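Participant: So you can see what is in the structure, the chains are spelled out below.
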Amino acid sequence: MRFYYVYLIWLAVTVVVLSGCDRKEIDFKLPPTDPRVTVDCRITDSVGYWEAKLTLTQGYLKQVRNPPVEGATVVITDDAGNRVNLIDRGQGVYRSADLQQGIPGRTYNLSVTYQSKLYEATTKMTSAPVVDSFKCNLIDDNFGFVEEDKIWEVTFWTWEAPTLGDYYLAEYRRNGEKITSFQGEIIYEDRFVNGNYIDGKNFFNIDKINIGDIITIDFFSITKAEYDFLNAVNTETNRDGTPFDSPPGNPVTNISNGGLGFFSASGVARLSTVAVEP
Amino acid sequence: MSKRIDKVVLVLSIAVYCFVNINNDIYCQEVRQKKINEKTTERLSVSSRFTVSGYVKDAASGEVLIGANIILKDTKFGAQTNEYGFYSLTVPANKYTVLVSYLGYISVEKNIDIDKQMQLTFELNEVSKALEEIVIEAQKDNKLATPQMSVVKMEMAEIKKVPQLFGEVDVLRTLQFMPGIQTAGEGNSGFSVRGGAVDQNLVELDEATVYNASHLMGFFSVFNSDAIKDLEVFKGGIPAKYGGRLASVVDIRMREGNNRKFHGTGGLGLISSRLMLEGPIVKEKGSWMISGRRTYADLFLRLSADPELQNNALYFYDFNAKANYTLNENNRIYLSGYFGRDVFKFANFFGFDWGNATATVRWNHLFSDKFFSNLTFIYTDFDYNFSINADESGFKVLSGIKDYSVKGDFTYFLSTNSQVHLGLIGIYHVYKPGQVIPSTSSFVNRLAMPDRFAVESAVYAEHEYKPLEEVTLRYGLRYTIFNNIGKGRIFLYDREEPIGENYRILDTVEYSSGKIYNTYNGLEPRFSLSYQLNPKHSFKGSYMRTFQFVQQASNSATTLPTDLWIPADRYIRPQIADQIAIGWFSQYKKDKNQLDISVETFYKWMQNQIDFKDNAQMIFNEALDREIRTGPGRAYGLELMIQKNTGKLTGWISYTYCRTMRTIREINNNNEYYAKTDRPHNVSLVMAYQLNKRVNISTSWVYLSGTPFTVPAGAFEYRGLRVPYYGARNEARLPDYHRLDVSVTIDGKKRPNRRFEDSWNISIYNAYNRSNAYSITFKEKRDSNGNGTGQFIAEQITLFKIIPSVTWNFKF
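Keeping their order, the protein sequence lines are chains A and B. Following our numbering, the numbering of the first sequence begins with 1 at its first residue and continues without gaps. Following our numbering, the numbering of the second sequence begins with 1 at its first residue and continues without gaps.
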């Protein structure tokens, strides 16, 4: 029997070793960085102010937020001849003076002029996806290891559009505030579920919710380019150093002239529900 | 550059072709040979020559010995047994003293009168530990004379002396202590040979290709030490009979089994248990061997009271089986097979299992005592299954690769100084990129990537020839044809070269079953030469060209079962490598000790090397050719080795300097960069010391330059996230790696009347507990709840710190 315990202890040690538990912070000198302009801008088909966040890149290990881009000229135009200026509000935020609403199918162009260099991106606005309903239920964690753990499960009911090649982005808000507990963006593709009826399937679990909270979901249709970009952003922000990490890869931007980030124009569906215990 | 090489290859090919085909030439050589023989051996009568042939065997088990030397003393005549233990020697009639030797065995001397065709089988006894000191003198090796260079040969007994991770004897990990062979990462059974990629090694078990040679995500290889007899690795100057991979051939042979007595060996380790049984089918005529191994960590999960835990699984197992039967003097049949699987199951939520299966049927036939042939049928399969929610609402994913091969190899022993090897090979490949199979009420669609088929065939001819007493040549030519055949579907793109982000699919073409829709072919010349200056020194040189028609798409840092094998096709050209190598080999003997010293240097040019674009999508992507980027590569290096195989202290020291680079279009701005396997300095020291009859102490130390890796050139901000972006490929390096392992083997007391013997092995991996970097990651520091802290750090992961382990082994 004693052998059994010795073995169990040894096994526990092995598991710890194999799970790569020995992590330590080290000093590592990264090569110097040239500051590059980064664009973070999404316009939608719902009524709202159009906003772009412009920052400069910096070394990865710098312990401050990326510096804002100040004094840039930011203009959004469309193929119907409309032109909207985004005005510098400080801290790298550029916002339209008036409420705007995009029209699906139109092509939008963003141009940023900063230190006499022009950065541009062009994209076509997608149509809003259709989601019948969704629910947010408190359920037992079905992994079976930690009994007392409960998680919130988001379930959907909807038809997925019949054409292959639909991509979605979901943003959750709790009582109007964006839920950021998930590291990265929540994105879906229809490669495996194209044209199917999604019948109360669970796609995503969230925590930090109380019963009675109002949960809002913004469901965006996005382009393949944006899906790939966000997918790469998720990969790059979730590196763990384990043998299963994929090789490093740059998220492919649609900003020209050495800019980084993404400009997107999306149709959006917004739904709300109250978190309940089933 | 490559055009020039092509020209050189063409010229060489023509030369070799002429050499092989003009019979006259061979005739002339034979005449010249005869003259030399006449000169060197006084007492010869030229009138009649006779052939002596037969086998060299282990006296205890009856297993054949591969590469044993048969030397006629005081003459220049000698031969070596082939992979079936067969030799053939044609010499003038005379009285001779024959000396038969094999490393680790007591040499046999016998006076024979060769006056007719003779069949002689020699049996050698293994050196026992007590005897070890006295036999060395008899050890005579023709290592210096053989034209084969860049080869590593290891016996199982030698491998078992090296300290092992978790006490699991692992042939592929032990190989990584040899010069020119480098690990693909800590604890990884994947390896790189002379700057090649991990998928450029042909790993064969009894001639069957093993597509995924690792268990447990790469920590262990699939080869159970009890079932293995020996292995040989060719890093350069590869004989013409091998083909299909650029960098190396790892030829692993299973034990045949004892054809005299029933025996067994086994062991209990912390990770796994093993048992091997062997015995005669009919005494002296045939034998069988079966061997199994299983890990048992999960068995303890079953003891758990928690039903959820009982439903989890994490284990692997292996089975090896082999049988052989001698029908008569001229016909032998061998059957061998392997089956192994890894199983990983997490309740009903997630299941993942993968494994290899191989089967080999061989028929040795002697047309005459000078004409040896072997016909082989091979089946090999690797597949994996992946399932999510095994109940009705989930789905499963299947993927794999299968080969059916037939091979004919012929050796004609023209004379003592001349042998011809000829052969034909045909392989039918079935690639199963993957399909998704939904359960009954699953919301997931059925999705199948079409299977792909190819036929790879080759013919080869090779002549091993000793034109002068001190010169041995081996020159050969291999002609390979690779056909993509239907049923198949390919995409046609809007440009010929698979480059650029946005190239479009113009058309989809369907081919019916059996239709050849794409062909590659070419000549692979092979050339090796040895020039023996004196009994102590020889010089060797070699050139080889190799082709490779398949590559592995890997999307992670280690060897994963989900790494997909992709055949060459219209847009993915075959990989080609040309390698030249020269070396200096010396043998020093003093008293009872023998030292082998070798220095080799090589240069390798590679074409159509593979890399993948950023964020490549490899799973379920039919247009996979769009994710691949290709370009030339090169590697060069120097390998030094001092080896001592005899005496109480055995072992080796090796040093390797090796650089390897790639220039791949659209990667690293089209500039040359160091490949992932570029680790310029590599030192290994392996020593075993026989303290007394019962105790053996061994130790190994390894030093490697750090792995190159890509670091962030900066970070941009998107949606509040700090996202790294990258500049030059593999621009930084992990810290250097070094590690010391020690092990002690204590044999149980031997009792004269008992067959049962046992031993304990205690080993310590990473004895000075160094924190070697497995990876360095740049990430946001998380608090204990896993939430970001807004602090960004470089974090080093160490996979294995000090690991003690103990294994109990037995045999009866």
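Since the hints were made in silico from the structure, they are not lab data. One should not assume that every hint holds.
To be verified - 27 Å max Cα-Cα, derived DSSO-like pairs, lysine-lysine: (1) B:K261 <-> B:K76; (2) B:K261 <-> B:K811; (3) A:K29 <-> B:K110; (4) B:K160 <-> B:K143; (5) B:K370 <-> B:K402; (6) B:K613 <-> B:K644; (7) B:K801 <-> A:K24; (8) B:K143 <-> B:K110; (9) B:K590 <-> B:K143; (10) B:K613 <-> A:K124; (11) B:K749 <-> A:K178; (12) A:K224 <-> B:K648; (13) B:K749 <-> B:K693; (14) B:K693 <-> B:K229; (15) B:K73 <-> B:K589; (16) B:K781 <-> A:K24; (17) B:K432 <-> A:K29; (18) B:K143 <-> B:K536; (19) B:K749 <-> B:K811; (20) B:K110 <-> B:K590; (21) B:K781 <-> A:K62; (22) B:K57 <-> B:K402; (23) B:K110 <-> B:K536; (24) B:K153 <-> B:K801; (25) B:K648 <-> B:K749; (26) A:K224 <-> B:K749; (27) B:K76 <-> B:K536.
What you are looking at is a predicted structure, and each value in this text was computed from that prediction instead of being measured.
Participant: It remains to establish, for every hint, whether it holds in the given structure.
Facilitator: Verification of the hints:
no. : hint              : verdict
1   : B:K261 <-> B:K76  : 38 Å, violated
2   : B:K261 <-> B:K811 : 13 Å, holds
3   : A:K29 <-> B:K110  : 69 Å, violated
4   : B:K160 <-> B:K143 : 23 Å, holds
5   : B:K370 <-> B:K402 : 36 Å, violated
6   : B:K613 <-> B:K644 : 46 Å, violated
7   : B:K801 <-> A:K24  : 13 Å, holds
8   : B:K143 <-> B:K110 : 22 Å, holds
9   : B:K590 <-> B:K143 : 18 Å, holds
10  : B:K613 <-> A:K124 : 26 Å, holds
11  : B:K749 <-> A:K178 : 72 Å, violated
12  : A:K224 <-> B:K648 : 67 Å, violated
13  : B:K749 <-> B:K693 : 10 Å, holds
14  : B:K693 <-> B:K229 : 24 Å, holds
15  : B:K73 <-> B:K589  : 19 Å, holds
16  : B:K781 <-> A:K24  : 11 Å, holds
17  : B:K432 <-> A:K29  : 44 Å, violated
18  : B:K143 <-> B:K536 : 10 Å, holds
19  : B:K749 <-> B:K811 : 13 Å, holds
20  : B:K110 <-> B:K590 : 25 Å, holds
21  : B:K781 <-> A:K62  : 13 Å, holds
22  : B:K57 <-> B:K402  : 35 Å, violated
23  : B:K110 <-> B:K536 : 25 Å, holds
24  : B:K153 <-> B:K801 : 30 Å, violated
25  : B:K648 <-> B:K749 : 20 Å, holds
26  : A:K224 <-> B:K749 : 71 Å, violated
27  : B:K76 <-> B:K536  : 16 Å, holds
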